[in-house]
Each structure stands twice: as structure tokens, then as C-alpha cells.
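Based on the sequences and whatever the hints tell you, model everything.
Here our numbering is used: the first residue of the sequence shown is 20, the next is one more, and so on.
If you're looking for bench data, these hints aren't it; they were derived computationally from the structure. Treat each hint with caution, since some may be false.
As the list claims (entries may be wrong) - What follows is a set of in silico ranges between Cβ atoms, one per label pair, in the way DEER data are often shown:
1. A35 with G216: 45 to 55 Å
2. N224 with D33: 47 to 57 Å
3. K180 with S212: 14 to 24 Å
4. N224 with K128: 33 to 43 Å
5. K68 with K180: 34 to 44 Å
6. D65 with R170: 36 to 46 Å
7. D33 with M131: 19 to 29 Å
8. I136 with K68: 22 to 32 Å
9. S119 with R170: 12 to 22 Å
10. V223 with M43: 37 to 47 Å
11. L44 with H165: 29 to 39 Å
12. T25 with K194: 32 to 42 Å
Said to hold, decoys possible - Calculated lysine to aspartate or glutamate pairs in the EDC-like style (CA-CA distance at most 20 Å, straight line):
13. K60 with D33
14. K128 with E186
15. K128 with D109
16. K114 with E186
17. K91 with D65
18. K180 with E134
19. K94 with D73
20. K194 with E171
21. K180 with E133
22. K194 with E134
23. K60 with E99
In this text the structure is predicted, and so the values were computed from the model without any measurement. Where is the CB? At the ideal position from N, CA and C, for every residue including glycine.
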Amino acid sequence: MSTTLTPNILIADDHAIIRNGLEMLLSSIGKQFSFFHASNKVEIFDNLKENTIDLIVLDLNFEEGNAITWIKEIKTVFPEVKIIIFSSFDESVYKNRVLSLGANAFISKLSMPEEIILAFEQTLFEDEIVLKIKKFHKSNKTSLLHVLSNREMEIALLMVKGVANLEISNILTLKKSTVSTYKQRIYDKLNVSSVAGLIEIFKVNSGIS
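Laid out in C-alpha cells, this is it:
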């Protein structure tokens, strides 16, 4: 991740309408980003060489072929770059494969706008979230939330934001049953029985902004 205050986002898709539409959607988040566009492999690597790219949003289907093999090339030469696959390909077929090659997330082009934004924020700001959680645990020994592990805290934060179990499982690449187990463990540790109760605990005890 670059040290600049404005993350650099490369949108790689061979359709301009997709690139422009995705830029408009991500711009609506309310954070400052610098956007770069690429319509083919040469433009992707030229952008990576000429700019400090923090995140690539990469389609898999280009006129010159399937971009799945490019993922490993990108991560080999630019290991710090995060990659979100944004594709119309079948998620059940391609998600695990692209993650194993080094991509950070798979988002279907059929997803709702809020799902795209959520996955984008989770991927781009993952390091920041983890750092906040670690800092919180270190400085809040007496808080009720200190009993939660880093993973439990990560899931609890998403629950408080209103993210459903299925979305959490997709974002964190966990089985839905595993998310349910973590959810119950969080409730048990904090002695609450609902998200509303969890929100109240966070209001009183959270030092995370």
C-alpha cells in the first residue's frame, strides 16, 4: 500500500462504460481516490510501472483473452498491489481459483452497488482495519470488547454495520456456517443475543473510530 493519502486505483476492463461506471460508483464512497484506466494487458502493466497503484479492479474477459493468468504475473512483479476481480464469470467456478493465484477478492458484476462498495472498502482498507483492531486490543485492556479475538472483532465490526452473514462470508472468504459459529461466540462472550445488543456494547466500549 502506498503512503499517499489518496489511494491510486487502476480499473482494468476492455469496456469504457464499465470503467467509467465503476469509477463513478467508487467515487460516491466519500473518500479521495486517484483513478487510472486500462483496456488491455499492455496498458495495465504500463500503469503499474508508471504509477504507484494500490489496487487493481480487474475483469477476467478481454478481447485478447482470459486475464486469469495475469494475476500471478502482477503479484510476482508488484506484490504489494491488491487485486479485486470484477467479473461476470461464474463466481462458484472462478472465485477460489483467482484467490489461490493472489487476488484479494472476487466481485460479481451482478452484485448490487452496495455489495461492490462494501467489498471494495474491505479489500482496500483491510490493513487499516487490522491495525485499528490490534491498537484497540493493546490500549483497551478493561473494555468488554477486549475478550474478542482479532477475527471476532473483524466480524463484529461488520455485524454492527448491518452486514448479513452471507456477505460476511464472501468478504472474509469464510463458510457461512463458520460465520454463524463466530457470531454465536461473539454473542456468548459479550452476553448479548442480538445485533442491537452488540451495537449498544460498541457504543459504550469501542475505541475504534
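Now for the hints, and whether the structure bears them out:
{"no.": "1", "hint": "A35 with G216: 45 to 55 Å", "in the structure": "holds (48 Å)"}
{"no.": "2", "hint": "N224 with D33: 47 to 57 Å", "in the structure": "holds (49 Å)"}
{"no.": "3", "hint": "K180 with S212: 14 to 24 Å", "in the structure": "holds (19 Å)"}
{"no.": "4", "hint": "N224 with K128: 33 to 43 Å", "in the structure": "holds (39 Å)"}
{"no.": "5", "hint": "K68 with K180: 34 to 44 Å", "in the structure": "holds (37 Å)"}
{"no.": "6", "hint": "D65 with R170: 36 to 46 Å", "in the structure": "holds (38 Å)"}
{"no.": "7", "hint": "D33 with M131: 19 to 29 Å", "in the structure": "holds (24 Å)"}
{"no.": "8", "hint": "I136 with K68: 22 to 32 Å", "in the structure": "holds (29 Å)"}
{"no.": "9", "hint": "S119 with R170: 12 to 22 Å", "in the structure": "holds (21 Å)"}
{"no.": "10", "hint": "V223 with M43: 37 to 47 Å", "in the structure": "holds (38 Å)"}
{"no.": "11", "hint": "L44 with H165: 29 to 39 Å", "in the structure": "holds (37 Å)"}
{"no.": "12", "hint": "T25 with K194: 32 to 42 Å", "in the structure": "holds (36 Å)"}
{"no.": "13", "hint": "K60 with D33", "in the structure": "holds (10 Å)"}
{"no.": "14", "hint": "K128 with E186", "in the structure": "holds (15 Å)"}
{"no.": "15", "hint": "K128 with D109", "in the structure": "holds (10 Å)"}
{"no.": "16", "hint": "K114 with E186", "in the structure": "holds (14 Å)"}
{"no.": "17", "hint": "K91 with D65", "in the structure": "holds (17 Å)"}
{"no.": "18", "hint": "K180 with E134", "in the structure": "holds (13 Å)"}
{"no.": "19", "hint": "K94 with D73", "in the structure": "holds (12 Å)"}
{"no.": "20", "hint": "K194 with E171", "in the structure": "holds (15 Å)"}
{"no.": "21", "hint": "K180 with E133", "in the structure": "holds (12 Å)"}
{"no.": "22", "hint": "K194 with E134", "in the structure": "holds (18 Å)"}
{"no.": "23", "hint": "K60 with E99", "in the structure": "holds (19 Å)"}
Comparing the model with each numbered hint stated earlier shows that all of them hold.
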